[in-house]
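Chemist: Sequence:
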Amino acid sequence: MNCRHCSAPLQHVFLNLGFAPPSNAYLSEEDLQKPERYFPLTLYVCECCWLVQTEDFAQADELFSADYAYFSSVSPAWLQHAALYTRMITARLDLDRRSHVIEIAANDGYLLRNFVAAGIPCLGIEPTAGTAAAAESLGIPVLCEFFDKALAERLAAAGKQADLIVGNNVYAHVPDINDFTAGLKVLLKPRGAITLEFPHLMRLIEQAQFDTAYHEHFSYLSLFTVSRIFAQAGLRVWNVEELPTHGGSLRVYGCHAEDSRQTSTAVASLLAEEKQRGLQALPAYLEF
1 MNCRHCSAPL
11 QHVFLNLGFA
21 PPSNAYLSEE
31 DLQKPERYFP
41 LTLYVCECCW
51 LVQTEDFAQA
61 DELFSADYAY
71 FSSVSPAWLQ
81 HAALYTRMIT
91 ARLDLDRRSH
101 VIEIAANDGY
111 LLRNFVAAGI
121 PCLGIEPTAG
131 TAAAAESLGI
141 PVLCEFFDKA
151 LAERLAAAGK
161 QADLIVGNNV
171 YAHVPDINDF
181 TAGLKVLLKP
191 RGAITLEFPH
201 LMRLIEQAQF
211 DTAYHEHFSY
221 LSLFTVSRIF
231 AQAGLRVWNV
241 EELPTHGGSL
251 RVYGCHAEDS
261 RQTSTAVASL
271 LAEEKQRGLQ
281 ALPAYLEF
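Quick note: the sequence shown, position 165, residue 165 per my numbering, numbers continuous.
No false leads were slipped in.
Here are the simulated DSS-like cross-link-like pairs (lysine-lysine), alpha carbons at most 30 Å apart as the crow flies:
(1) 185 with 275
(2) 160 with 185
(3) 189 with 160
(4) 149 with 189
(5) 149 with 185
(6) 160 with 149
Hint data in this document are derived by calculation from the structure and do not stem from the laboratory.
Please construct the entire structure, taking both the sequences and the accompanying hints into account.
Modeler: Written out as structure tokens, the structure is:
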């Protein structure tokens with residue numbers, strides 16, 4: 001098995017939780033008499049790029065099916081988080097009716113409903129039919145597909161590049177993180193911005209959050225690794241914020257590598273903290 005980012009051989013196990021069923025694959029009454037599917041839940045660390053990742057075993061469409069059970073809007077706290085983000089990013093990027101916002105993994109419209117209410121044109125990309133239908137019922141245009149570079153090229157060719165691309169708790173969920181990131185590059189306007197939120201590997205290690213490992217999370221991410229993946233795709237992390245969500249998350253702000261905007265000092269500061277805590281050396285992972 002090789003690293004899904006840099007292709008180096010994976011030789012070091014970070015966490016082995018044995019076999020488990022997919023986390024959101026609830027059984028129907030008809031399935032109760034059938035054998036339940038179990039898959040290995042083993043995480044490896046790459047000693048070249050420090051990407052922590054699951055063992056390959058299933059395609060994304062086996063985990064994110066049409067009857068995917070998680071609807072984001074069931075959480076009032078998450079709805080509030082989305083509303084606060086919308087107000088912040090709209091002001092920060094001067095978004096208006098001439099802008100175009102695309103959310104990848106739009107789920108049931110928990111976030112984009114706020115852009116619709118503000119009159120800012122938007123598009124949701126969501127592969128699970130049930131949640132996509134819920135978003136469409138709110139007046140949100142949705143493409144019911146998995147996001148990849150090929151889809152980004154189709155949208156760009158149709159003149160649908162984005163001033164803002166949002167990805168909340170999706171970056172860790174994609175099996176081909178290089179192709180996904182290349183798609184972000186294609187879909188982003190020359191002066192556009194990307195924000196991605198994902199659980200922070202540093203907090204997972206620090207707080208022994210072993211129970212946050214599950215099959216839908218293909219990757220467990222540090223700022224160092226994300227910066228490296230972005231750079232390979234011709235993108236740059238220009239700001240980062242630490243969030244309390246999901247046991248400690250990061251919100252990274254991305255742009256084209258050639259963009260003239262300055263990189264916040266928060267980026268260098270957090271990179272230094274990650275290094276000081278050992279995230280670029282094997283012992284931190286092998287001793288977990």
